[in-house]
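Chains as they are written, first to last, in the working numbering: chain A, 1 to 76; chain B, 77 to 235.
Hint data in this document are derived by calculation from the structure and do not stem from the laboratory. Where a beta carbon is used, it is the ideal one built from N, C-alpha and C, also for glycine. Be aware that one or more of the hints could be misleading.
Computed spacing ranges between beta-carbons, pair by pair [what the hints assert, rightly or not]:
| no. | chain 1 | residue 1 | chain 2 | residue 2 | range |
| --- | --- | --- | --- | --- | --- |
| 1 | B | GLU170 | A | ARG47 | 21 to 27 Å |
| 2 | B | ASP222 | A | GLU26 | 27 to 33 Å |
| 3 | B | ASP104 | A | GLN2 | 49 to 55 Å |
| 4 | A | ASP73 | B | GLY188 | 21 to 27 Å |
Here's the letter readout for the chains.
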Amino acid sequence: MQEMLFYITRALVEDPDAVEVEELEEDGDLVFEITVGEDDLGRVIGRGGRVANAIRTIAKAAAVREERRVLVDILD
Amino acid sequence: MEASEWPAEPAERVRLLVERVLDELDLDGEVELDETDDVITATVEGDEDYGLLIGRRGQTIDALQLLAFQAAFRGIRERKRVVVDAAGYRARREEVISERADRAAEKAIASGSEVELDPMNARERRIVHEHLKVRPEVETFSSGDDPHRRVVVAPLISE
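The following block holds chain B by itself, in its conformation from the complex (with noise of 0.2 Å):
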């Protein structure tokens, strides 16, 4: 990579990061870009299996956008987010998570106790606190230290 070819803008430094990947991985697909004030997405279509860049857990995928956050923005003051996504997956982790969030909820009300949910990362733990937020019956804490930090789901017992 010559420095004439790396881009100066970040988008196009993800799309580059993350093309070489899934080059490696010998998986076919587009990457397509979309970018807001506050967010870069990177977007793999295709007609793959991207099990293998998503990763158990999508661990893979996850760090993936971890080095795209840190190639874009190397030497840039103003930053943004940047996420990482391939055929839907963060949109089914997402519903995945809240229906687990949901039965979580239900489990600690029925039963009067706390109820522990599996580890997750700071992004899928935040996605169980606003999903519960509106639920009046429970509260919502993490506990515990990265990577085994977990959301706990706690009935309110009113009197």
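Only chain A is shown next, with the shape it has when bound in the complex (with noise of 0.2 Å):
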């Protein structure tokens, strides 16, 4: 999962270099946390926050199997 996430983020940005995704554990859910290049926010962000939600359900459906809610946030 964390993989892809990373896989995505820096498909989307001017700067994969600055991509970071870090997984984390909160009272039982699984937390994905993604920082991008401060220009490249609103590629994955997007209109309305478009593109982050498209990204909160791919890694929704690949959450499937997990036992436990998966939450994706994006740093800013």
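Take the two lone chains, each set in its own frame, and fit them into one complex as the hints suggest.
What follows is the structure in structure tokens.
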């Protein structure tokens, strides 16, 4: 999951080297925190959050076999 | 993904992204590309059940399609549409929506009142509008805000 999010995010940005995806656990949920370069923030969030929501939808599908919630945060 | 591995060709970028997500979902399948002047279509072909890739009301494959579009044309000014399809899903969906539109039109005509369809995304609403354009007894318009925006089919009452 972490690697897929890393792959997708790098594909969306101008500066792939600035992309980081951190995995952590929070109250039993699996949380992935995505960091991108400042200038790329708009590219991974999108108009009205459309791109960020698409990333979350894909993550949710990939998490069906997980027994817990999977959350994706984009850090700004 | 090194810069050298990330292709310059938008269609190839679409393919890689779709393949990566298929892989994560543990699904086999070939990604077939078709490119015209205004649309790149990536179709997943295979023997698997692609329900997980498609998602409820197509939300997963639509999300992948949006991401594929963004990734394909990053840094490229000239853009075209990107369609991600799986095992005939888009055609089946269009057929279902067209049938639903027909039933709504019949109901609107018979009852003389407006019929609201379920919420749909912009592409699916367009299918309804296009499909019912040829029927002079009804008109269609969209109402509400995304993600609840829906098509209303209204009878055109002639005196």
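Hint-by-hint comparison with the structure:
1. B:GLU170 with A:ARG47: 21 to 27 Å: 26 Å, holds
2. B:ASP222 with A:GLU26: 27 to 33 Å: 29 Å, holds
3. B:ASP104 with A:GLN2: 49 to 55 Å: 22 Å, violated
4. A:ASP73 with B:GLY188: 21 to 27 Å: 51 Å, violated
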